[in-house]
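Asks: Here's the letter readout for the chains.
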Amino acid sequence: MRLPAAARHAGTAAGLAALSVLAYVLLKNVQGDRGQVVLLIVVWTIALTGLNLIQGLGGYPSLAHVSFFAGGAYLSAYLLGKGLPMAVCAALAVGGTMLAGLVVALVFSRTRGQYFAIGTMFFTAVVNLVLTNAAGVTGGPNGRPVDLGFSLDATLVLLAASLGLSLGAFHVLARTRFGDRLRAVREDEDLAQHVGVPTARVKLVAMVASSAFGAWAGVLFAQYNGVIAPSQFTFVQSFLMLVAIGLGGSGRLLAPLVGSAIVIGFTQLIKLGPGISQIALGVLFILVTLLVPNGVLGGITGLWRRVRPGRAGGPAAEPPRVRAKEEVAS
Amino acid sequence: MIQVLVNGVFLGCLFAVVAVGLTLVYGVMEVPNFAHAGVIVLAAYTTWSVEHAGAPFVVAALAGIACGGAVSVLTEVLAYRWIITKPAAAPAVALGLLLILQNVALRLYGGEGRSLDTPYDTVLLKAGGVSLPGVKAALIVLAVLSLGALHLLLSRTSLGRAMRAVAQDRDAAAMLGIPMRRQYALAFLIAGMLGGVAAVAYAPTFQVSPYMADDVLLSAFVVVVLGGLGSVWGAVAGGLVLGVVEGLGAAYVSSAYQSAFGFLMLVLILVLRPGGLRTTDARRVA
Amino acid sequence: MRPRTLVTALSASALLVPLAACGSGSSGGDGSTVKVGAILSMSGIYSTLGAPQKKALQMGVEELNKQGFTVAGKKHTLAIEYADDKSDAATTGVTQLRELAQAQKLPVIAYGNGSDTYVPQLKRKPVAMLNLIDSVYPSILRLSPHFWRVRGDSPTYVPGCLYYAKRQLGVKSISVITAKGEGYGEGLTQLVDQSAKAEGVRVAASSQFPLGSTDYSNAIRAAVGAKPDAIYLSSVTAVILPVLKQLRQSGYTGPVIHSAGVNPNQAKDILGAQFNTIMKDNYDCAGTLPTTSDNPTAKAFAAAYQARYNEYPQDLTMWAHDFPFIVAAAMAKAGTTADSAKIEKALGEITVPQGTVSGWLPGDGQRLFTERMARTASEVTTWCSTGQTLASVMTFDVKNGAVVDPVLKKDVCK
Chain A
693 MRLPAAARHA
703 GTAAGLAALS
713 VLAYVLLKNV
723 QGDRGQVVLL
733 IVVWTIALTG
743 LNLIQGLGGY
753 PSLAHVSFFA
763 GGAYLSAYLL
773 GKGLPMAVCA
783 ALAVGGTMLA
793 GLVVALVFSR
803 TRGQYFAIGT
813 MFFTAVVNLV
823 LTNAAGVTGG
833 PNGRPVDLGF
843 SLDATLVLLA
853 ASLGLSLGAF
863 HVLARTRFGD
873 RLRAVREDED
883 LAQHVGVPTA
893 RVKLVAMVAS
903 SAFGAWAGVL
913 FAQYNGVIAP
923 SQFTFVQSFL
933 MLVAIGLGGS
943 GRLLAPLVGS
953 AIVIGFTQLI
963 KLGPGISQIA
973 LGVLFILVTL
983 LVPNGVLGGI
993 TGLWRRVRPG
1003 RAGGPAAEPP
1013 RVRAKEEVAS
Chain B
1095 MIQVLVNGVF
1105 LGCLFAVVAV
1115 GLTLVYGVME
1125 VPNFAHAGVI
1135 VLAAYTTWSV
1145 EHAGAPFVVA
1155 ALAGIACGGA
1165 VSVLTEVLAY
1175 RWIITKPAAA
1185 PAVALGLLLI
1195 LQNVALRLYG
1205 GEGRSLDTPY
1215 DTVLLKAGGV
1225 SLPGVKAALI
1235 VLAVLSLGAL
1245 HLLLSRTSLG
1255 RAMRAVAQDR
1265 DAAAMLGIPM
1275 RRQYALAFLI
1285 AGMLGGVAAV
1295 AYAPTFQVSP
1305 YMADDVLLSA
1315 FVVVVLGGLG
1325 SVWGAVAGGL
1335 VLGVVEGLGA
1345 AYVSSAYQSA
1355 FGFLMLVLIL
1365 VLRPGGLRTT
1375 DARRVA
Chain C
2 MRPRTLVTAL
12 SASALLVPLA
22 ACGSGSSGGD
32 GSTVKVGAIL
42 SMSGIYSTLG
52 APQKKALQMG
62 VEELNKQGFT
72 VAGKKHTLAI
82 EYADDKSDAA
92 TTGVTQLREL
102 AQAQKLPVIA
112 YGNGSDTYVP
122 QLKRKPVAML
132 NLIDSVYPSI
142 LRLSPHFWRV
152 RGDSPTYVPG
162 CLYYAKRQLG
172 VKSISVITAK
182 GEGYGEGLTQ
192 LVDQSAKAEG
202 VRVAASSQFP
212 LGSTDYSNAI
222 RAAVGAKPDA
232 IYLSSVTAVI
242 LPVLKQLRQS
252 GYTGPVIHSA
262 GVNPNQAKDI
272 LGAQFNTIMK
282 DNYDCAGTLP
292 TTSDNPTAKA
302 FAAAYQARYN
312 EYPQDLTMWA
322 HDFPFIVAAA
332 MAKAGTTADS
342 AKIEKALGEI
352 TVPQGTVSGW
362 LPGDGQRLFT
372 ERMARTASEV
382 TTWCSTGQTL
392 ASVMTFDVKN
402 GAVVDPVLKK
412 DVCK
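Going line by line, the protein sequences match chains A, B and C. First residue of the first sequence? That's 693 in our numbering, and the numbers climb one at a time after it. First residue of the second sequence? That's 1095 in our numbering, and the numbers climb one at a time after it. First residue of the third sequence? That's 2 in our numbering, and the numbers climb one at a time after it.
Read the hints as simulated data drawn from the structure, not as lab findings. The reader is advised that the hints may include incorrect statements.
[Stated by the list, open to error] Which residues of chain C face chain B? A partial, calculated answer using Cβ under 10 angstroms:
id, residue
1, Ser44
2, Thr49
3, Gly182
4, Ala206
5, Ser207
6, Phe210
7, Leu212
8, Ser214
9, Arg222
10, Gln250
11, Asp270
12, Gly273
13, Gln275
14, Asn277
15, Gly336
Fair warning: this is a prediction, and the values are worked out from it, not measured in the lab. Think of the CB as a built atom: it goes at the ideal place given N, C-alpha and C, for glycine as much as any other residue.
Same shape as in the complex, but just chain A:
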């Protein structure tokens, strides 16, 4: 049952638009603790859509992502404090963070795999150190209030719209040649380089693009929360972002949403006493890494293919590359 391309993309677009509407309704009507859960899931989904490019498609486990999130939040707050109009602040915050993303990419894209993880983790640790200690600009360890540039309603509309639009952007990017090249880097970087993929440039672009998503999410988070602090941008947060993508299913369109829902749900909703939810999350993540390497969405897809007769599909552990090709071809 294959539909023509236009119809299939229209279906996706309608789905994402419905998601945005639903997000708005929830953001508007759910308050207090539960409102915070909805907010964080929406904000993280926007931010993680960027991480899904570099980590999901490119296979580079970036622990710098929370720093980009922080960059958007802190830069916009700082510029607002200087009296600039909100739209300018937002644009400068995202642009400035993308520049930082470029520098990070230039330094760390020379490294691979584990070293990339260690290096970007260090970057996040140092960014957090600066946020904590440069108190004149950042407000120090206890954080700083953020001037309200958008009204609450505008913030909610932007959050909800950005959710659908970010996912839509990922959907499109993943289908371009750029997406293919990123997947090639993930599969075998040396081979990709050998057959003419400009791996350095591809990684650079992916990193800078991912930082833009993170920064924009940071701008919106700061506007909603009204206060930002270093404790919101630690390397543990960065790790949880990595976990969310892994749990959701690296490189899959809805991985940021499903992953954030699981991670945020665990840390915010399940009140098993201090520490327990984090322990459960750690165990769950290790189990998923060991048993379902393609994440929850990958696992579901695998099951779907098994139970659906008349269609030759691989098991859950089918190499992602094969599916990637097939998706692009179909």
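Based on these hints, arrange chains B and C on the given structure of chain A.
Replies: Chains B and C alone, transformed into the frame defined by chain A:
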């Protein structure tokens, strides 16, 4: 100035003990063992609770070191062993373990800092214009003793030789009939016990808390990269260099950014010698 | 991409739906029990403050509810909804504020730290917030008209440190060690500088360590190296006690002064077995302690607290104990249990309520709050090694930055 250098040596010894544990594990298994910080935390809490229950400090310290070894081996048996063929999953699993261990400590002991008492709390060594508190001197002594013991183990025993063989070439070592699983467990045991030594020596200068080892771990990773991944003596030398650099930076630039000086060194290495970081280049023990 | 993406998208959004189901809160006011909120640091670095506050609040509520209170002819009792900010106002505290003020619509909220971080949220949804502890300089009251403080601020007690140090300890020079990035400590350091100048005490050295660091040797070396007659530690209990420990380990034996409100239980917990020797020659200037007070109601409260929780009551326990009485008085005056704005206005008009134990010093017209601040007398305490506890050596008040009405006590440790 000499006082600052002495302080740097103290930091360096701490980094070296932690980094050697990391590099050993890296050498035989290619795992960046972020969970090592959790091992240190649990060892410190064990020492604290045994001492709190009334046992003498030496007994408590030995219990802490034993706990470090045991927890470390557990992480290998329960998690790392299963990803030996998937090195790409290693950082994620290691961070997952760190999350688990730290929160187990948080769950068992709460978030408040605990003070670890030692018999040498009130000792103060003085020579010339330089003074060194007993707790810091004890860390330097413990570091030298434990690293000396490790050197003897690696160079003089068949176990140590087997471990070096594994680190040099895992496949060849397996073909030669070296029992690999035992080697993995042994590497984690030694690393964990070194973590325990670090915990026992380091905790009395501050407090025992679930996040006490985070900064040390980050610096220790710089040391591991600095000294060459998998190289024990590289880690010792790297530890001392980084300790002195951070000590100088903290004293003369800004103590708030102490660990950032380590990061600057890391970036410099990455920019100047990116090739030197490749996995295949520097896998050796001793 | 297949049509099932749409299905997955919808089923993923179904994950979010249950969250909405139980979001509606109850509003206090209609029944006989009135609910107000309290956001306290019950865990984390400030738990030395939040945990005892909660205990004292519980005692105050029970005490108030024995009689109840009358608003517009109807009898009420009070209940407090407690929330833990985990010593992280910006992340956890502001969420709790949204929960209590926006979702549960509580009219009054007691809180501890993080005033500046609550300001944007207060602009969206104003609510009366009574601070039980934060005496930081410059004052939190300048941040928002909805902040009230149920205690005197740092300028009402820091001058006493220098006054006492100069006259009773013979201190001519002092070094200050500050927790950088910790607002309370940074404010204290400014005030110590000002008071030292006023008293003619020389500041020999002023050094800092970053909040959250574990090795204070650089800051300690700078402070001790200037050979001061005394050292002042600027910050709260959980931050300064580890510094004090390393300071004593480094060989410094002179007097140590601070304004952290360390109690004996905390000293033992944080400093370990050596606490009695480490605390020797230690002076704390802050609010009056209920235990050392001459006021019989404060003494009775101190005894009841000690008996109930087996814990030494700090100054802040009295203030927390009185919070329910202050809220009840304001509600009675305003004639409403739900309208936050009216209750807030009434706060500025009430006199010292019946049942309070802190020994409040009323202002003009016997009003409890003067410019949104209620205050008690201040005190310098010292550590007594023989009894392993605190004793009051001087009580005082401060007017225009200078110590007035000092009452010195002799041989307090006997």
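Asks: Run every hint past the structure and note whether it holds.
Replies: Verification of the hints:
1. Using the Cβ-Cβ criterion of 10 angstroms, the hint placing Ser44/C at the interface with chain B is satisfied: the shortest such distance is roughly 5 angstroms.
2. Taken as an interface hint, Thr49/C checks out: its beta carbon lies about 8 angstroms from the nearest beta carbon of chain B, inside 10 angstroms.
3. Checking Gly182/C against chain B: minimum C-beta separation of about 8 angstroms stays under 10 angstroms; hint holds.
4. Interface restraint check: Ala206/C against chain B, minimum CB-CB distance 15 angstroms, threshold 10 angstroms, status violated.
5. Look at Ser207/C: its Cβ only gets to about 14 angstroms from chain B, farther than 10 angstroms, so that hint breaks.
6. Hint status for Phe210/C relative to chain B: holds, with the closest Cβ pair at about 6 angstroms, below 10 angstroms.
7. The interface hint given for Leu212/C is met, as the beta carbon of that residue sits about 9 angstroms from the closest beta carbon of chain B, less than 10 angstroms.
8. Given the 10 angstroms rule on beta carbons, the hint for Ser214/C holds: about 7 angstroms separates it from the nearest Cβ of chain B.
9. This hint holds: Arg222/C has a C-beta 7 angstroms from the nearest C-beta of chain B, less than the 10 angstroms allowed.
10. Here the hint on Gln250/C is kept, as its CB sits about 4 angstroms from the closest CB of chain B, short of 10 angstroms.
11. Hint status for Asp270/C: holds, given a least beta-carbon distance of 7 angstroms to chain B, under 10 angstroms.
12. The restraint placing Gly273/C at the interface with chain B holds, with a minimum CB-CB distance near 3 angstroms, inside the 10 angstroms limit.
13. Look at Gln275/C: its Cβ gets to within about 6 angstroms of chain B, closer than 10 angstroms, so that hint holds up.
14. Proximity of Asn277/C to chain B is violated relative to the hint, the smallest CB-CB distance being about 12 angstroms (cut-off 10 angstroms).
15. Evaluation of the Gly336/C hint against chain B yields a violated restraint, the C-beta minimum of about 43 angstroms exceeding 10 angstroms.
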